[in-house]
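Fit chains B, C and D with the ligands to the supplied structure of chain A, relying on the hints for placement.
Now for the letters of each chain:
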Amino acid sequence: MTVAVKQRVKVANQKRIAEGIYSIWLLAPEIAGAAMPGQFISLYSRDGSRLLPRPISICEIDRIHGRIRLVYRVAGKGTLEFSKLKENDSLEVMGPIGNGFTLEGKKAILIGGGIGIPPMLELAKQLTIPKVMVLGYRDITFLEDEFSAFGDVFVSTEDGSRGTKGNVLDAIRENGIEADIIFACGPTPMLRGIKAYAAEKGIVAQLSLEERMACGVGACLGCVCKSKETDHHTNVKNKRVCKDGPVFYAEEVEL
Amino acid sequence: MTVAVKQRVKVANQKRIAEGIYSIWLLAPEIAGAAMPGQFISLYSRDGSRLLPRPISICEIDRIHGRIRLVYRVAGKGTLEFSKLKENDSLEVMGPIGNGFTLEGKKAILIGGGIGIPPMLELAKQLTIPKVMVLGYRDITFLEDEFSAFGDVFVSTEDGSRGTKGNVLDAIRENGIEADIIFACGPTPMLRGIKAYAAEKGIVAQLSLEERMACGVGACLGCVCKSKETDHHTNVKNKRVCKDGPVFYAEEVEL
Amino acid sequence: MNTSVVLAGITFKNPVTTASGTFGSGMEYGEYIDLSKLGAVTTKGVASIPWPGNPTPRVAETYGGMLNAIGLQNPGMEVFIQRDIPFLRKYDTKIIVNVVGKTTEDYCDVVERLSDQDVDMLEINISCPNVKEGGIAFGQDAKNVETITKELKKRAKQPIIMKLSPNVTDITEMARAAEAGGADALSLINTLTGMKIDIHKRAFLLANKTGGLSGPAIRPVAVRMVYQVANAVKLPIIGMGGIMNAEDALEFIMAGASMVAVGTANFINPKAALNVVEGINDYMNQYGIKDIHDLIGCVK
Amino acid sequence: MNTSVVLAGITFKNPVTTASGTFGSGMEYGEYIDLSKLGAVTTKGVASIPWPGNPTPRVAETYGGMLNAIGLQNPGMEVFIQRDIPFLRKYDTKIIVNVVGKTTEDYCDVVERLSDQDVDMLEINISCPNVKEGGIAFGQDAKNVETITKELKKRAKQPIIMKLSPNVTDITEMARAAEAGGADALSLINTLTGMKIDIHKRAFLLANKTGGLSGPAIRPVAVRMVYQVANAVKLPIIGMGGIMNAEDALEFIMAGASMVAVGTANFINPKAALNVVEGINDYMNQYGIKDIHDLIGCVK
Ligand SMILES: Cc1cc2nc3c(=O)[nH]c(=O)nc-3n(C[C@H](O)[C@H](O)[C@H](O)COP(=O)(O)OP(=O)(O)OC[C@H]3O[C@@H](n4cnc5c(N)ncnc54)[C@H](O)[C@@H]3O)c2cc1C
Ligand SMILES: Cc1cc2nc3c(=O)[nH]c(=O)nc-3n(C[C@H](O)[C@H](O)[C@H](O)COP(=O)(O)OP(=O)(O)OC[C@H]3O[C@@H](n4cnc5c(N)ncnc54)[C@H](O)[C@@H]3O)c2cc1C
Ligand SMILES: Cc1cc2nc3c(=O)[nH]c(=O)nc-3n(C[C@H](O)[C@H](O)[C@H](O)COP(=O)(O)O)c2cc1C
Ligand SMILES: Cc1cc2nc3c(=O)[nH]c(=O)nc-3n(C[C@H](O)[C@H](O)[C@H](O)COP(=O)(O)O)c2cc1C
Ligand code: FES
Ligand code: FES
Numbered sequence: 114m115t116v117a118v119k120q121r122v123k124v125a126n127q128k129r130i131a132e133g134i135y136s137i138w139l140l141a142p143e144i145a146g147a148a149m150p151g152q153f154i155s156l157y158s159r160d161g162s163r164l165l166p167r168p169i170s171i172c173e174i175d176r177i178h179g180r181i182r183l184v185y186r187v188a189g190k191g192t193l194e195f196s197k198l199k200e201n202d203s204l205e206v207m208g209p210i211g212n213g214f215t216l217e218g219k220k221a222i223l224i225g226g227g228i229g230i231p232p233m234l235e236l237a238k239q240l241t242i243p244k245v246m247v248l249g250y251r252d253i254t255f256l257e258d259e260f261s262a263f264g265d266v267f268v269s270t271e272d273g274s275r276g277t278k279g280n281v282l283d284a285i286r287e288n289g290i291e292a293d294i295i296f297a298c299g300p301t302p303m304l305r306g307i308k309a310y311a312a313e314k315g316i317v318a319q320l321s322l323e324e325r326m327a328c329g330v331g332a333c334l335g336c337v338c339k340s341k342e343t344d345h346h347t348n349v350k351n352k353r354v355c356k357d358g359p360v361f362y363a364e365e366v367e368l
Numbered sequence: 114m115t116v117a118v119k120q121r122v123k124v125a126n127q128k129r130i131a132e133g134i135y136s137i138w139l140l141a142p143e144i145a146g147a148a149m150p151g152q153f154i155s156l157y158s159r160d161g162s163r164l165l166p167r168p169i170s171i172c173e174i175d176r177i178h179g180r181i182r183l184v185y186r187v188a189g190k191g192t193l194e195f196s197k198l199k200e201n202d203s204l205e206v207m208g209p210i211g212n213g214f215t216l217e218g219k220k221a222i223l224i225g226g227g228i229g230i231p232p233m234l235e236l237a238k239q240l241t242i243p244k245v246m247v248l249g250y251r252d253i254t255f256l257e258d259e260f261s262a263f264g265d266v267f268v269s270t271e272d273g274s275r276g277t278k279g280n281v282l283d284a285i286r287e288n289g290i291e292a293d294i295i296f297a298c299g300p301t302p303m304l305r306g307i308k309a310y311a312a313e314k315g316i317v318a319q320l321s322l323e324e325r326m327a328c329g330v331g332a333c334l335g336c337v338c339k340s341k342e343t344d345h346h347t348n349v350k351n352k353r354v355c356k357d358g359p360v361f362y363a364e365e366v367e368l
Numbered sequence: 007m008n009t010s011v012v013l014a015g016i017t018f019k020n021p022v023t024t025a026s027g028t029f030g031s032g033m034e035y036g037e038y039i040d041l042s043k044l045g046a047v048t049t050k051g052v053a054s055i056p057w058p059g060n061p062t063p064r065v066a067e068t069y070g071g072m073l074n075a076i077g078l079q080n081p082g083m084e085v086f087i088q089r090d091i092p093f094l095r096k097y098d099t100k101i102i103v104n105v106v107g108k109t110t111e112d113y114c115d116v117v118e119r120l121s122d123q124d125v126d127m128l129e130i131n132i133s134c135p136n137v138k139e140g141g142i143a144f145g146q147d148a149k150n151v152e153t154i155t156k157e158l159k160k161r162a163k164q165p166i167i168m169k170l171s172p173n174v175t176d177i178t179e180m181a182r183a184a185e186a187g188g189a190d191a192l193s194l195i196n197t198l199t200g201m202k203i204d205i206h207k208r209a210f211l212l213a214n215k216t217g218g219l220s221g222p223a224i225r226p227v228a229v230r231m232v233y234q235v236a237n238a239v240k241l242p243i244i245g246m247g248g249i250m251n252a253e254d255a256l257e258f259i260m261a262g263a264s265m266v267a268v269g270t271a272n273f274i275n276p277k278a279a280l281n282v283v284e285g286i287n288d289y290m291n292q293y294g295i296k297d298i299h300d301l302i303g304c305v306k
Numbered sequence: 007m008n009t010s011v012v013l014a015g016i017t018f019k020n021p022v023t024t025a026s027g028t029f030g031s032g033m034e035y036g037e038y039i040d041l042s043k044l045g046a047v048t049t050k051g052v053a054s055i056p057w058p059g060n061p062t063p064r065v066a067e068t069y070g071g072m073l074n075a076i077g078l079q080n081p082g083m084e085v086f087i088q089r090d091i092p093f094l095r096k097y098d099t100k101i102i103v104n105v106v107g108k109t110t111e112d113y114c115d116v117v118e119r120l121s122d123q124d125v126d127m128l129e130i131n132i133s134c135p136n137v138k139e140g141g142i143a144f145g146q147d148a149k150n151v152e153t154i155t156k157e158l159k160k161r162a163k164q165p166i167i168m169k170l171s172p173n174v175t176d177i178t179e180m181a182r183a184a185e186a187g188g189a190d191a192l193s194l195i196n197t198l199t200g201m202k203i204d205i206h207k208r209a210f211l212l213a214n215k216t217g218g219l220s221g222p223a224i225r226p227v228a229v230r231m232v233y234q235v236a237n238a239v240k241l242p243i244i245g246m247g248g249i250m251n252a253e254d255a256l257e258f259i260m261a262g263a264s265m266v267a268v269g270t271a272n273f274i275n276p277k278a279a280l281n282v283v284e285g286i287n288d289y290m291n292q293y294g295i296k297d298i299h300d301l302i303g304c305v306k
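Chains as they are written, first to last, in our numbering: chain A, 114 to 368; chain B, 114 to 368; chain C, 7 to 306; chain D, 7 to 306.
Calculated from the structure, these hints are not laboratory results.
Not one of these hints is a red herring.
Derived, one-sided and incomplete: chain A residues facing chain D with beta-carbon distance under 10 Å:
1. P166
2. E205
3. M207
C-beta atoms are modelled at their ideal positions from N, C-alpha and C, and glycine is treated no differently.
Pulled out of the complex, with its shape left as it was, chain A reads as follows (with noise of 0.2 Å):
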């Protein structure tokens, strides 16, 4: 793995996608180059007063334009000042971070919930099995349009006003869908009631977690998620979801 430096790059464009939701293309040819489905990057913010970087995961990634883009919700100021740039402003990033999905299996659900989606939508770009979506949002959809080019998408909404109403496993069971791979990133309730699933089915599950971060390399041990065995790292059940994640084997971690 290649290391990720900490460096100034510029933005090629960016668009509000959905009320309060943001997607940004960063010239950032050696991230472009390195990244995986499921990385993610750090973002700085260019107020003193705010420390602590930003994790956001790879939503796309442009190869041969040497670019890779973000989709992400207004959450607090970082992310509220990230909304705000423009063509050819800069920032410090640093990246791609982690650990990404493990491109397997026959028959996959790529499963995302609300600002876990765009991760998946470069997994469904490379990978080359069938595989259907299942997304699942507050109200308001986004990105949906972008992963039809992939497979089927069921789309689950808590108010019912789009696709089934509930979650993305009440998609899943409603719909029918059947898989030997799960590929999900969202809120951890979701991720537990995958987990369990997955379980009950038998079948391999790939979480995508999100912890609370201050150094996003490793170091400091802010970032951990408990895990079932001794981590060969920490000596201890815990592992770091900034370097040894963010994606982890459903079996690997208690959620």
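Okay, now just chains B, C and D with the ligands, sitting in the frame of chain A:
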């Protein structure tokens, strides 16, 4: 006096006029409308790690176009940030602040030392009595030409590279300059010398002082100077540079 | 929607006041905001006689904060009583007078003199890090805290707020001592002692060498101390330390403060205290909270 | 130009190390910078047995700083000795091992085990605010500081650095106690205890409720404490707390620190420690300073 509201203003233009010295015009009709020579404005950094205002004197007032000019030296991170502002960029300012120069006397010497020179320019414009300007620099000169429209200009430099070698008082003595009033802004040692000189000559001197500030509005008592008499507001021998100054009569203050 | 709070029998229309020393007696900022919109104005520390304070520079910017070593410059209680109290009384707001001294007698003199005055509460500053003789020395020793509180309670007609220093190993010990001494309320935190060096001049930035650190940099320490004290004593708390906006203020309230004080933020935005008042209302509206008391100490 | 310093007989090529817990054992940041360019690497606190640390969230951003409540997760001394010491020994840098424990016996066990190991100094963390049983409890009581220092000195073959907590009324008292106990050097400061509340979730941001505040926000407090301690004891000091760049580091050195440690800054810039080394050189060149000792404690 009108109240100095905190407001966001636009940059009309900015240019570097000497090594590390910048001249910026701000579109600030309210400030331009109210400002007097010798007053200053507080500039705020965009970076939240730098909280306190940077006081900068008003160098020129353009009531017609609703603009004010500042000339400043890059002294640290705040002024460095300001030096990067371009046309149409905006920044937060508060002003005009303080009491400026009282326009009086029959024959004046306007003395500016280093970065104390800029406020003398608007004074030179507004002061209609006969006057000469004495400008003291370390080495590189700036604004010198702009003063010549308003009277004779004498220069001193510490290294003797231009004008009198030495300080502004050396230039005054060398050129036998006489007057019944002095207006001065510059470093404290210079002002101390001028105070002594004015006392010796028995003439009036108005001095613009500099002090570290926090509130800039007279509330925190951060920026006091020693006054000869017990001050009306503070009830001790302290006056507030931001509110009661920055311009004081030489006899009012201890330097 | 109710935002009024009662501390020691005094009703404040909203839980927002100004932090002592950052707002003078309200005259300067009164030009920017309507003082009647604040729950209270807390004035700059006043002593029995005028104090000239420390030499300059008295203030220095630090990362996300500032240092001050004003040294409690004040015009003395007589001028304060003649000029500042009548000025503030014109507004529909409560008056909290911050009291300083170098000796116990000093504090007693001021409190005695103020006890007949038309002010609502007295806040006793036993925590100023910038004067050698008094202030903080009282606030760093539990026995001293208790003793001075008792002495002042004997003399004051108004309820007494003891203002605690964060420069201690265990703030709850000081809070308990103040409670034992009969305090009616507590204010915290005062500033953390800090220092800044100008590496180019190779000299201290402040003439006083050390100063008090305030501003958002210290907020996590202040919130922690408010939480600890709220869970250690029964007294109502005025929380402060780096409150820049309503969100920050709500952290203190949820940690257990019944009121909050806006300090350094005034210097950055003269409307800061007013914005806090309005922002708390907005938050309560947004979440349908009917009474501010539902938020006070709600995080356990 | 000499930038090397000698602490307790150990020579460091330059006065820059890493702050314990912010740099692991150097493996991760070793991919970004050449560890041989640092005066020393100070490793994450190690205990006699593996510690799992606290539940997450363990970190939270604050204004100009951050809170952490890692809870001293560590792989235990055996894995550390087998894996981390040999890794670091490949570099031309000194190794300072940070030691933690819950009881005096714990500390003694680790120090005894490390005493035969090829490491240069031991830094005793008696100041971690994030574990209930140990850490800070030792560091907030002068008697405890002296006793534990004595116990460890009996066992250690390497010089011992006591790492002090800033969460005390008088840091010089703790420094004097460490000196009386026979410490060879002091490290300060560890983190200030802080708290952050998520006002929308109405919950603590950290699972542990409180955490240690680090980063530039706390620098003025750290510089003040280094200055106070440098003027109170004869021991050499490793100064830390919010050092982001060489200018910040020089503040500590001028206040009296013989060495400095770069902590939170690593998270913001993996090259931070290296930049500090280079920036100190630049400063010395700019002002024609031949020996770093001319700067140590030069501001009085
Ligand atoms: C591996 C990973 C990948 C992610 N990918 C995406 C993505 O593709 N799109 C997207 O919209 N969001 C993503 N997130 C969440 C995103 O990191 C947060 O929404 C963002 O950091 C919020 O920053 P802020 O300054 O706007 O919010 P603030 O609340 O102001 O941030 C304060 C601090 O908390 C941290 N923080 C806040 N929320 C989160 C969170 N949910 N997870 C981790 N740290 C948080 C911030 O990084 C910052 O340090 C991802 C998180 C992780 C861990
Ligand atoms: C009334 C008044 C008028 C001034 N007018 C001018 C002017 O017209 N042109 C000009 O170039 N400079 C002027 N100055 C000085 C100017 O305020 C400082 O150079 C500037 O604040 C430096 O900010 P910085 O962030 O670049 O430096 P930093 O050193 O990073 O600033 C750190 C802090 O110290 C304060 N500070 C630093 N130097 C000074 C100083 N000399 N005086 C007051 N505060 C200081 C800053 O405001 C800030 O709060 C004036 C100062 C005063 C008090
Ligand atoms: C310039 C200045 C002057 C202060 N003067 C006093 C004072 O006179 N009495 C007092 O009790 N506290 C004084 N304080 C402390 C504040 O009231 C408050 O406790 C502290 O600044 C923390 O709040 P903040 O971070 O919001 O400013 C002063 C603070 C500052 C910044
Ligand atoms: C994530 C993190 C983990 C830390 N772990 C330790 C530790 O294991 N042992 C220790 O003595 N100090 C530990 N510290 C404290 C630092 O070594 C340092 O004293 C403190 O962070 C102040 O320096 P800074 O502001 O430069 O980070 C830790 C700090 C952080 C931020
Ligand atoms: S964020 Fe530091 S180890 Fe993951
Ligand atoms: S800066 Fe506050 S009184 Fe002048």
